[in-house]
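A.B. asks: Residue numbers (this note's numbering), protein chains in the order written: chain A, 1 to 116; chain B, 117 to 231.
Source of the hints: derived by calculation from the structure; they are not laboratory data. From a predicted model like this one, the values you see are computed outputs, not experimental measurements. Hints are supplied without guarantee of correctness; some may be wrong.
[As the list claims (entries may be wrong)] Here's a subset of chain B near chain A, in silico, CB distances under 10 Å, partners left out: (1) G158; (2) L159; (3) I163; (4) F181; (5) E184; (6) G188; (7) G223; (8) Q224.
In this text, a Cβ means the ideal position worked out from N, Cα and C, and glycines have one as well.
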Amino acid sequence: AQTVTQSQPEMSVQEAETVTLSCTYDTSESDYYLFWYKQPPSRQMILVIRQEAYKQQNATENRFSVNFQKAAKSFSLKISDSQLGDAAMYFCAYRSSTGTASKLTFGTGTRLQVTL
Amino acid sequence: GAGVSQSPSNKVTEKGKDVELRCDPISGHTALYWYRQSLGQGLEFLIYFQGNSAPDKSGLPSDRFSAERTGGSVSTLTIQRTQQEDSAVYLCASSLQVKRGTEAFFGQGTRLTVV
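Just chain B, same shape as in the assembly:
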């Protein structure tokens, strides 16, 4: 696709339910990142994929959070047993992992609201 696509754009869920957030990166981009942006805050790193493997999961806040990437393309971030503090915008980015100066392209994010 022309850009990074995330779905859904907005999600309202009840506390305790599981949610899945999807990221479709730019075709050919081997690196994929998930970030969380709480209201009025900066971006908090969650996880990084290179191809289908995740060499850096250090930002996942608890074992309720997991992510996978299949076929070196689409990634899914799953939050189990959602809590109100999980409410945030979840942003996905992808880049050509040629060198570290390479631009990361971001999607428009999924706004998750846990009620």
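Chain A on its own, in the form it takes in the complex:
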């Protein structure tokens, strides 16, 4: 079974600075998808960015980018020019691309605080 590990329960960043959230995963599969979701206090999970494992190029969405290291099974999220609205829980997730297992497997999350 796949597992996702987020080793940073909490992180803090000053407004306008850059922060990197870590995520590692364990799988025997070669093709899969990785996601970062944001959960603000409203509880609704919002997709931040996704990465297809067979694509070597790191995904980028505006101020958000990932560092995907397939061999190391690492998928970190970099937030540039941090804003107060970025404060939330961030979850890394894995989804198999084959078979009947369609579920997302989540890590335990990292709480990001943004300070002035």
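We have chain A already, so just place chain B on it with the hints.
C.D. replies: Then chain B, alone, in the frame of chain A:
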């Protein structure tokens, strides 16, 4: 609807009572998921529907938990004889089951408190 809708938003129930949680997915989304999020924890998978069938029920923690989906749309998660450890936020998500990279859209969840 515009997004995934869950009701009720909050539910307080007495230990031993049955509860029903409702999820109304985005129109046209064939895949529907239920997750449980305990305080300070990640999301724990419960069950996955494709249309009205549930090919993956592996996350249901006990036979007190059941779920159904009718008309390929609304889903209900039922917890019988609730226990205090059932207290959590129950999140529902839906997606177009085109390919696995497709985004799953989440509702705002139901916070269940068993007293």
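A.B. asks: May I ask which of the numbered hints given earlier this structure violates, with the numbers listed in increasing order?
C.D. replies: 4, 5, 6
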